[in-house]
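Undergrad: Sequence:
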Amino acid sequence: MLAGLVLFPLLALASPAIVKRDDASINQAIGYINGNITKVNNTLNTFTKPKDSITALIIKAESDDLTKSVNNAAAVANASAPLNDDQSFNVATAILNLQPNIYSLLDNLKAHKPQFDTAIFGFSASPLVKSTLQEAQTAADSFGDAVTPKLTATYQSAAPVIVQQIDDKFNDAIAYFSS
Numbered sequence: 001m002l003a004g005l006v007l008f009p010l011l012a013l014a015s016p017a018i019v020k021r022d023d024a025s026i027n028q029a030i031g032y033i034n035g036n037i038t039k040v041n042n043t044l045n046t047f048t049k050p051k052d053s054i055t056a057l058i059i060k061a062e063s064d065d066l067t068k069s070v071n072n073a074a075a076v077a078n079a080s081a082p083l084n085d086d087q088s089f090n091v092a093t094a095i096l097n098l099q100p101n102i103y104s105l106l107d108n109l110k111a112h113k114p115q116f117d118t119a120i121f122g123f124s125a126s127p128l129v130k131s132t133l134q135e136a137q138t139a140a141d142s143f144g145d146a147v148t149p150k151l152t153a154t155y156q157s158a159a160p161v162i163v164q165q166i167d168d169k170f171n172d173a174i175a176y177f178s179s
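For the sequence shown, my numbering assigns the number 179 to the last residue and increments by one with no breaks.
If you are wondering where the hints come from, they were derived from the structure by calculation, not from laboratory data.
All C-beta atoms in this analysis are idealised placements derived from N, C-alpha and C, irrespective of residue type, glycine included.
Be aware that a few hints might be false.
[Unchecked claim] In silico BS3-like cross-links for lysine-lysine, where the CA-CA straight-line distance does not exceed 25 Å: (1) K39 with K68; (2) K113 with K39; (3) K68 with K110; (4) K60 with K110; (5) K130 with K113.
[As the list claims (entries may be wrong)] Derived CB-CB ranges, DEER-like: (6) S157 with P127: 36 to 44 Å; (7) N72 with Y103: 18 to 26 Å; (8) N97 with P160: 14 to 22 Å; (9) A153 with T48: 42 to 50 Å; (10) A175 with T93: 29 to 37 Å; (11) S157 with N42: 34 to 42 Å; (12) A79 with D167: 18 to 26 Å; (13) F121 with G31: 32 to 40 Å; (14) D85 with K39: 29 to 37 Å; (15) F123 with S157: 41 to 49 Å; (16) N84 with F121: 53 to 61 Å.
The task is simple: from the sequences and hints, build the whole structure.
TA: Okay, structure coming up:
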């Protein structure tokens, strides 16, 4: 009985707080995604030599962080209440601003395929890149699935087009690393 009285308040303190999610939270999560895209892109730009295992491992770790930030954004969107028109506009604008950065990263990955083909002590890391891209695509789709129903009808109708464009770009990069 005494243990229960002591543990109950501790459990209450250990429970996560219920936080109202809104466009600011979603936009902050999109900002983290954008920061991680920039980080991976910057590291890719230093990936110029064949057989550069160290940089390849750094890119893999940063790519995993990027995927985690996308999954986090999906969780934030899932926890969000439906957005009003102004909030939907803010989130849609942030996503539209993110889209060219996603494309840039995927194009940059493709441009560095020759380095990935010899990255692991002369052996190809391309299958690992392909797998990482597939994981990132799944996360991006989850984010799209989470944020779309939170938007107002006007923005919901445009969301599938944007999601499909991003999916097409991922599919192109995945196919490129499949060969």
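Undergrad: Each hint: holds or not?
TA: Now for the hints, and whether the structure bears them out:
1. K39 with K68: 14 Å, holds
2. K113 with K39: Distance ~18 Å between K113 and K39 Cα, so the pair holds.
3. K68 with K110: At roughly 22 Å apart (the allowed maximum being 25 Å), K110 and K68 satisfy the hint.
4. K60 with K110: 15 Å, holds
5. K130 with K113: Judged against 25 Å, a Cα distance of about 11 Å means the pair holds.
6. S157 with P127: 36 to 44 Å: Check passed, 38 Å falls within 36 to 44 Å.
7. N72 with Y103: 18 to 26 Å: 22 Å Cβ-Cβ, so the 18 to 26 Å window holds.
8. N97 with P160: 14 to 22 Å: Cβ of N97 to Cβ of P160: about 19 Å, so the range 14 to 22 Å holds.
9. A153 with T48: 42 to 50 Å: Holds - the Cβ-Cβ distance for A153 and T48, about 48 Å, lies within 42 to 50 Å.
10. A175 with T93: 29 to 37 Å: 30 Å, holds
11. S157 with N42: 34 to 42 Å: At 36 Å between Cβs, range holds.
12. A79 with D167: 18 to 26 Å: Given a distance of about 24 Å, which is inside 18 to 26 Å, the answer is holds.
13. F121 with G31: 32 to 40 Å: Cβ of F121 to Cβ of G31: about 37 Å, so the range 32 to 40 Å holds.
14. D85 with K39: 29 to 37 Å: Check passed, 33 Å falls within 29 to 37 Å.
15. F123 with S157: 41 to 49 Å: 47 Å, holds
16. N84 with F121: 53 to 61 Å: This hint holds: roughly 54 Å between Cβ atoms.
The structure shown violates none of the earlier numbered hints.
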